[in-house]
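Student: Please build the complex by placing chain B on the supplied structure of chain A, with the hints as guidance.
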Amino acid sequence: MKISREDVLRVAELAYLDLSEAELETYRAQIDEILEYIGKLNELDTAKVEPMAQVLTTDQQADATLREDLVVPCAVAEDVLAHAPDPEPPYFRVPKVIER
Amino acid sequence: MATNWTIDAVREALAAKKISARELAADFYKRIEARNPELNAFLALTPERARRQADRIDALVAAGSPLPPLAGVPVAIKDVISTRGTKTTCGSKILENYTPPYDATAVERLEAAGAVILGKTNCDEFAMGSSNENSAYGPVKNPLAPDRVPGGSSGGSAAVVAAGLAVASLGTDTGGSIRQPGSFCGIPAMMGSYGRVSRYGLIAFASSLDRIGPFATQVKDVAAILRTIAGRDANDSTSTTAPVPDYLAELAKPLKRLRVGIPKDYFGEGMDADVRQKIEAGIALFKKLGCELVDIRMPHTDYAIAAYYIIATAEASSNLARYDGVRYGLRVEDDSLLAMYRKTRGKGFGPEVKRRIVLGTYVLSAGYYDAYYLKGQKVRALIAQDFRDAFTKVDAILTPTSPVPPFKLGERTSDPLQMYLADIYTVTGSLAGVPGISVPCGKIGGKLPVGLQIFGPAFGEARVLQLAHAFEQAGGAEV
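Here the protein sequences come in this chain order: A and B.
Numbering of the first sequence is given in the numbering used here, commencing with residue 75 and proceeding in unit increments.
Numbering of the second sequence is given in the numbering used here, commencing with residue 59 and proceeding in unit increments.
Next comes chain A alone, as it looks inside the complex (with noise of 0.2 angstroms):
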């Protein structure tokens, strides 16, 4: 067995995730499926490879170069707020997370 029961809570706990008691037992037996497949990469010696973290070789990347940091309007707080679930404007309102 790859992944357990605790696994899959820890996990669920780190992302901020409820799951059913279920789900947690669907998607460890699903998960442990796929990575029990995911070791055949194992077989790959992979000891002198780089691994890939730019898709965009090293000349394109000189292409997409950023933009100049440049101030523009930008008065979209309404907008924005406007589809929050609990606005108070020009704030976003959440739970009570300090105790006085």
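Quick caveat, the hints were computed from the structure, so don't treat them as lab data.
Please note that the accuracy of each hint is not assured.
To be verified - Taking lysine-lysine pairs in the DSS-like style, the calculated list, with each CA pair at most 27 angstroms apart, reads:
no., chain 1, residue 1, chain 2, residue 2
1, B, K311, B, K346
2, B, K322, B, K345
3, A, K122, B, K451
4, B, K88, B, K75
5, B, K401, B, K151
6, B, K436, A, K76
7, B, K501, B, K345
8, B, K345, B, K505
9, B, K346, B, K505
10, B, K151, A, K170
11, B, K436, A, K114
12, B, K505, B, K466
13, A, K170, B, K405
14, B, K322, B, K346
15, B, K88, B, K76
16, A, K114, B, K322
17, B, K405, B, K145
18, B, K401, B, K145
19, B, K436, A, K122
20, A, K170, B, K401
21, B, K345, B, K314
22, B, K436, B, K451
23, B, K145, B, K88
24, B, K466, B, K501
Tutor: Quick look at chain B alone, frame taken from chain A:
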């Protein structure tokens, strides 16, 4: 009135005043009304936006002004791509009421070129799936065979074009989500190189893989849409300044004697016998067109699925951390902030998305990062090297798009690994960052479409399109 509109046909009809852009849009809405209840391919329609744009085009026609390249062309947009003022749900309950305050760059460019946006198309939740059955709003039916899936994740975008409910559409491709539904719905569908099209306004799934690209009924129209949306955008630092060739002009050029690679590694076990027969007939047609067929090896192909599902889920677990019930989307109330996060995410995300968040968080977590994520990134480098090596020998690579024809709804939903394994021919190009197109390559029993995939080197879209166009013109869809 014509039923199979193309970009050129729309343009000619408008210029000759045979129809107005407004009438054309109204005609498409009538078709949608008749067909969408069965197909479930559109999630939202934008008739007011379409009418405003159509009126602008009709004013140009009335004034005798030059028409922009996509004037009056009715198009549809996958619901993971932001549209100002129109709900963009990503096929998820967590964004059921989300209305973006801005347009994606690709949408803006389509409209600037004259296209008329009809609405938003159904898809697998957050583009995670290969059958469109992971949408929180129900599956899309394949218009060619309503008991079958349209493919995924851009199943709605493929289905609306195949059913004649839009002339073209935008989808997104992370591991095959444009090419595979294109194949399943019998239409050409293209993913440009990584960096070719701006992703500004695309709601992220896996940022090192996600790309936006077109569906249309003919390769020429795919080329026209790609040309419109491609090119540098200051709002996406991964979009490159590499010049965008005039793909349409490239299509018109005669096909030179090209070397096309047939990778043995894509023709092993697991391919449906009928698919194999069609693909072999398709390859024979390329030979007839004067291409030189070259046997090549891409030795790491068999490891692509494993590497892909590590990298894609890892990036997804990070990208989807933003859905926390604070700034937009669903919130499930609780007195505690952390419990509010957990409940919101537990209720808002569907099963496939949760499964991928758990897997992705696991492969990135302390103690497993090296064994999984780092290993995946190293194998990704080997797969990219396979492509670079191949393109020193050949101009393009031919493969099947999918090992199986469109399957029946519900047939594969209980086994996620089996569903993942069917992405084998498309994820390789996604990992490598190269462009790929799926073109229709016959129908099994005259009914179920097969797609042939053409890969080119990074930023070699013109060659890929030229080959696809020549194949289509030579009757590829009927092999």
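Student: Which of the listed hints are not met by the structure?
Tutor: Structure breaks no hint.
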